[in-house]
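One line per chain: the protein sequences are X and Y, in this order. The opening residue of the first sequence carries number 1 in the numbering used here; numbering runs sequentially from there. The opening residue of the second sequence carries number 1 in the numbering used here; numbering runs sequentially from there.
Keep in mind that the hints are not guaranteed to be accurate.
Copies of one chain are not kept apart here, so a pair can be met inside one copy or by any two copies together.
[To be verified] Subject to a maximum C-alpha distance of 25 Å in a straight line, what follows is the list of computed SDA-like cross-link-like pairs (lysine to any residue): (1) Lys117 to Val13; (2) Lys146 to Thr100; (3) Lys117 to Pro14; (4) Lys119 to Gln90; (5) Lys147 to Arg251; (6) Lys176 to Leu211; (7) Lys117 to Gln213; (8) Lys15 to Lys119; (9) Lys146 to Arg102; (10) Lys119 to Thr169; (11) Lys147 to Thr101; (12) Lys147 to Leu105; (13) Lys146 to Thr101; (14) Lys15 to Val81; (15) Lys221 to His204; (16) Lys117 to Tyr17; (17) Lys117 to Asp16; (18) Lys117 to Met93; (19) Lys82 to His291; (20) Lys117 to Gln94; (21) Lys146 to Lys176; (22) Lys146 to Asp71; (23) Lys82 to Arg282; (24) Lys255 to Leu208; (25) Lys225 to Val81; (26) Lys147 to Thr290; (27) Lys15 to Pro116; (28) Lys117 to Ser37; (29) Lys176 to Lys225.
Think of the hints as simulated: they come from the structure by calculation, not from any bench.
Protein chains: 2
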Amino acid sequence: SLGIGDDCAILQVPKDYELAVSTDTLVAGVHFPLTASAEDIGYKALAVNLSDLAAMGAEPAWLMLSLTLPDENADWLTGFVKGLRQLMDQYHMQLVGGDTTRGALSITVQVFGFLPKGKALRRDGAKPGDLIYVSGTLGDAGLGLKKILNEMQCDHPLQYCIDRLNRPTPRIATGKALLAFSHCAIDISDGLFADLGHIAEESHCAALIHLEQLPLSDELKTYYKDAFDWQQILTSGDDYELCFTISPEQRANIKQLEKQQNIALTCIGEICEGQGVRCQHRDGQELVLTHSGYNHFK
Amino acid sequence: SLGIGDDCAILQVPKDYELAVSTDTLVAGVHFPLTASAEDIGYKALAVNLSDLAAMGAEPAWLMLSLTLPDENADWLTGFVKGLRQLMDQYHMQLVGGDTTRGALSITVQVFGFLPKGKALRRDGAKPGDLIYVSGTLGDAGLGLKKILNEMQCDHPLQYCIDRLNRPTPRIATGKALLAFSHCAIDISDGLFADLGHIAEESHCAALIHLEQLPLSDELKTYYKDAFDWQQILTSGDDYELCFTISPEQRANIKQLEKQQNIALTCIGEICEGQGVRCQHRDGQELVLTHSGYNHFK
């Protein structure tokens, strides 16, 4: 690629590969707390975009950065670049362009990744009978955000949850490995209920979630003391885990992948005929949600 | 391409082509007046990005849009999309992704275009002896902005200059045609002096501008009544014309291109040994600028 310093970046895609491209904007006070450190913001701006690549099964290659800043602040920029670089270096990514502008703090990152032609994990790839899996644990970041915003009475520092909010882990390696076993994935950015809803809608299927099978962190379990706020867990944003589907005969491969990558991959339900997402307790009782997920314009 | 509705867009680049990618952010009050119409903003957000493709000689293909809006406003959105669509349709472009966010009005557009492998017009392609050309006329948008901001005493409506500010013409066809005659171009977004300075710097050469050869619109000439503010003309932003260099033997081809495309392509100076950009009057007197161009952080 031609790199920074010309009017455009010039990208060459390897033969037999397609280019996966995603863009996400982070705005102060919306996508990160106003108190977030520059380093966390830099990390997260790239992490949430990498999560989109992970959800397609793509290999990260390049990024572009559009930074809008209220003023020149060398310390802030140094921190921001440090956080960004941590993930860039981890995935050997190259910055190929972007611009800086004066205005309210806002960060737009575009990421580019390679995909073997025709192999992408897509939202419309689920079929009735498929099992639904998620990586990692759910609801941590949402709880961390409540803690930061002082929206609850709680003496527990909830540091793990706050770290999950500020430093989500893009599941790149898992997404790439899933190309061999799955046709369908999404990253959970707006809560499992809403994002699994996208899979159901695009695949013209229904999805059934077994609530007690949802993978939860020790810290979250400690906080809820078994009185789980399922609505919160299902609809809070910023998990950045993968939700994917497989046909049941791939179950053993997923077990193996869990061990290889030292990551929890948990079966949480199944794809059925019909439409919409239903959430069921072990005793058969259904949970009806009063809202479906994080929405910036709500 | 997979299109909107999945985690990433998937782009396939034709054999023997590279992908040219550019991104630009427009912030209210910085890149367009707070009074600008939604339609003009939509048009300009794409135009300034297409101008970057034009400067490489690329053929527009796709765009992505990240829109940050203070609130839901259907009328504003309708106008914005109408302006954006005008250029999308003109260049048969497809919207392949993006996101919307709540916050201070800000628009980031990424454009993707095709380039025959290894043929791009680059900033570092100029050589001593080359002639320097610009398309269209210079300084109109800058004058239009002064008018809008009420920074001057002037009864003339300057509508042409204001239109040039709000509706710049990306020189796509010219950029593509130049691939046959030129190796070096840039689009003039920050004023000729600064942008020609990038060519000089990247090409390790100097550039000499003959002031009286600069192409000026009738409206601008009428306004200045022969008392030209050269500093303003050379350093005001938003022209979005092309500045390119050719070897002298290509002169006839440029004449032909002018006729074919019905566009003014004017020789304004030459590339020399040395460094920096010098501006000379017909009588040999040099103009020394007190600042070099538009800079958002100045």
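**Request:** Tell me, in ascending order, the numbers of any earlier hints that this structure violates.
**Result:** Violated hints (numbers, rising): 5, 6, 7, 14, 15, 19, 21, 23, 25, 28 and 29; every other hint is consistent with the structure.
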